[in-house]
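Going down the list, the sequences are from chains A and B. Every position in the first sequence, counted from 1, becomes a number in this note's numbering once 2 is added. Every position in the second sequence, counted from 1, becomes a number in this note's numbering once 67 is added.
Treat the hints with caution; some may be incorrect.
Pairs of lysine-lysine residues, derived as BS3-like cross-links and limited to a Cα-Cα distance of at most 30 Å, are as follows [stated by the list, open to error]: (1) Lys174/B to Lys473/A; (2) Lys347/A to Lys209/B; (3) Lys22/A to Lys88/A; (4) Lys174/B to Lys474/A; (5) Lys473/A to Lys209/B; (6) Lys304/A to Lys473/A; (7) Lys209/B to Lys514/A; (8) Lys179/B to Lys446/A; (9) Lys474/A to Lys446/A; (10) Lys514/A to Lys179/B; (11) Lys209/B to Lys431/A; (12) Lys179/B to Lys474/A; (13) Lys163/A to Lys174/B; (14) Lys514/A to Lys174/B; (15) Lys288/A to Lys323/A; (16) Lys284/A to Lys163/A; (17) Lys174/B to Lys34/A; (18) Lys284/A to Lys304/A.
Read the hints as simulated data drawn from the structure, not as lab findings.
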Amino acid sequence: MSESVSASASMTEGWQRASKWSVLHFLFEQLKHSVNLAFYAVPALLLGAHNNIPEELMPLLLLGLGVTFVVSGVLKYWFFQFTVSKTGIAIRSGVFDRTYTDLPFERIQNVKFDQPFYFRFNDMLVVTLDTAGSAKQEARFAGVTRDYAEAVKHTILQARKVLQTQAKDASDEEAVSSESDIADRVINRRSIKDLVLHGITNNRIWILLGAAAPFYDQGTNWVIEQMTALRPHIEQWFGSEAVTFWYVGVMTAMVAFGLLVIMALLSVGGSILMYYGYTLSKRDDKYIRRSGLINRQEVSMKHSRIQVFRMQQDWLDRLLKRVNLYFEQNVTGTQYQPEAKATNKLLVPSVTVAEAESLADDVFAQQHARHIQYTGAHVRYFWRLMFIVVLPLTLGVGSLTIGILGAYGVLLTLAFVGCASVVARACWKRWGLAHDDNYIYLRKGAFGVDYWCFPRSKLQQVALRTNIFMKKRRLVSLDLILASGRLTMPYLSEEVAYALADHSLAEIERDKPGWM
Amino acid sequence: MQASEFSNNVIPVSELPSLTTVPSEPISPAYRCLNLWLTSGIFGGVAAILVLVLIQPWFALLPPAPFIVSLCIGGVLFIGSWLFLYHFFADPLIRYSIREQDLVLFKGLLFKDVICQPILRIQHIDIQRGPFERMAGLATLKVYSAGGSLHTLAIPGLPADTAETIRQFVLNHSDLTQDEA
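Excised from the complex, chain B in its bound form:
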């Protein structure tokens, strides 16, 4: 497994493995693609429907209605384009690394997060694949600790087989059964 190339099994304090210098891998580029398509599709679709409502010839909209609908179209397009831009720039920044003892996730465009989950503390792990993710051959790996559902470490946009490999690596890890009381 490529993951075990990274070791953090060092004991001298001066040589402690540091989160600042962890080499990391990007998630699948298909994740950004998927998000961009979804954003364009959903917001574009809603906007298109609203435009159709506005220009259809069958019934006349009473005075304030056309204005409100146009406002909605503007709002939908505005939010959609911001989301598009966000995914365009932020998705490539999602990176992860699997170390011998923990999983690390890097993400964020304006707010940058580094989250480290020791394998010893993992309660359970699962792979989630929505319909669109399945279409794109992607999967989200979710790692649950006792810290509660708010602090679930989720690595999105992994190729399905990579996600499965990581899951197996974690499940086979010797530490996993240790914590169960």
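Pulled out of the complex, with its shape left as it was, chain A reads as follows:
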């Protein structure tokens, strides 16, 4: 993208190409795509297809593949053209499948900056323009300089504001434009220590599990080798029958301990990879998250778009007195996205309770999520858990343990029932719903605790669900549907649930507050 296009309203009508560096982006996209495809190809290759390809042709084949990639990257760059008008951005792309995307500024929900590792050396960005509509309706510009990216963002925000205030005076617009030049204000940073804590308390293992798969085999081989090397000594000291116990015992302990350590380490690694250099800043009415070790990421979320916040504390978080704070906005039209890429959720990882409180206050002023008195779920919720979850599990565990161990199995079964009941009770006790004039609060968890808080004005839909057993006791489960998803409070008394539903609906229908 040429610098001279500095995003002003007087954009040219002509079509232009993105920066030459975007070839790099297309190249890597292609590579990523091929690697994904390769997963399917690998089994076929292993099953003998590679025998059909002569060894000496392999380098040629690889070279051909490489050339194809480069050519396709260049072609993609060549055919990617865009034009910016006063009302929006139009993009033509695709080599064979020509697609034409028209993005009016007011439909652009989110401007996201990414910095993949291949753009780090020249500090360029990939800009993604998200719309509220389908996931396909998004535009990506690669190889954009930081200044230009900021300018694009500015143009879009500006254009939207102008559109929104079209009816107002020109002087108003003037005020708006000068206002948005204020620089970012960092309101939270996360140190390496915080990220290590985050890694330990939040298992981000699955991110790295895939990558580590080839090493499992080597690991276990090593352990077995060591065991076998030690075997003669053990036999010498304890006799041969002890060896079996020794093997089983040591193996179990080692595997368990090893897995724990590896998982924690991987998890810490994942956390640092994703959240290195984390900053949460505020500019105008936007929250901006920047983080990432290899791929720098920037996600911004408009204050008014935040539907709900969630303070999440697992049992380990509670011991360490840390909180994961999530801000969530609407999910309509977006498919499931992995956490690191999700633009509809903004996570502040492992902050202290006090920091979480102050950030939450910043988003929803005068919220009392942690201090308000909650109405709990009816005790029948506990019995339902016992009946539907604990009882079948107990029957399973009982028949298994008693079948194998005989009388000792009874003890194990009893122990299981004890533990399961304690968990069920903790679950039941944790449920709670509360509200004040502005917000509705929900609490849930078992040994950990999650607090959810949202303004009553953000409600989209209310559903009251009951069944014939609950009906007899005049109990209902209350579903509160927000643009960010559904929150459910089970087993409330009918009076409480209907009163809250009626009040909230009446307020919304009377005052007609916006939700975006």
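Given chain A, put chain B in place with the hints provided.
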């Protein structure tokens, strides 16, 4: 429009319109009829085909096969009759009411749901008519909010013109354009 007889425009808290006392209307009885016919037709048809397979004279089924086919017939008939019974009792319980400010749907036999969708929060609305619904002169009204597709309010079994009337009522509602940013 008969819908505007119900008002929920009251402000004093003690007199708030309540979901517990909303008068509601039933959907068309043809909906149950249609479902019962469809259930009988589909499951009866599948069972009949399986029976034919079992008794046809042209080729002999090897030993475990007749048993498996009979099992399938039993299963199909079992599920079919449960579905039949379910529609028989549950469909008449689907009721709805259109208030000045929201749409309310009541449904459920064993699990009873009351769903309320404020018109202010409606993103878009459409009418869906499958081939069988068209035959029965019925339509399903679907109301989408920003809550996502999982929480679409769908009122099934409306007579086609009623569905159209409700759609127009919602589209003409003054609140509908308010939310668009």
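How the hints compare with the structure:
1. Lys174/B to Lys473/A: Given pair Lys174/B, Lys473/A holds - Cα atoms ~14 Å apart, limit 30 Å.
2. Lys347/A to Lys209/B: 28 Å, holds
3. Lys22/A to Lys88/A: 25 Å, holds
4. Lys174/B to Lys474/A: It holds: about 17 Å lies between the C-alpha atoms, which stays within 30 Å.
5. Lys473/A to Lys209/B: This hinted pair holds, its Cα atoms lying about 28 Å apart.
6. Lys304/A to Lys473/A: 42 Å, violated
7. Lys209/B to Lys514/A: 22 Å, holds
8. Lys179/B to Lys446/A: With Cα atoms ~24 Å apart, Lys179/B and Lys446/A stay inside 30 Å; holds.
9. Lys474/A to Lys446/A: 25 Å, holds
10. Lys514/A to Lys179/B: Status holds; Cα separation ~29 Å.
11. Lys209/B to Lys431/A: Not OK: Lys209/B and Lys431/A at ~38 Å, beyond 30 Å, violated.
12. Lys179/B to Lys474/A: Roughly 12 Å between the alpha carbons, so the hint for Lys179/B and Lys474/A holds.
13. Lys163/A to Lys174/B: 43 Å, violated
14. Lys514/A to Lys174/B: 28 Å, holds
15. Lys288/A to Lys323/A: OK: Lys288/A and Lys323/A at ~28 Å, within 30 Å.
16. Lys284/A to Lys163/A: Holds - the C-alpha atoms of Lys163/A and Lys284/A are around 18 Å apart, at most 30 Å.
17. Lys174/B to Lys34/A: Cα-Cα ~48 Å, so violated.
18. Lys284/A to Lys304/A: 10 Å, holds
Consistency note: the structure conflicts with the earlier hints numbered 6, 11, 13, 17.
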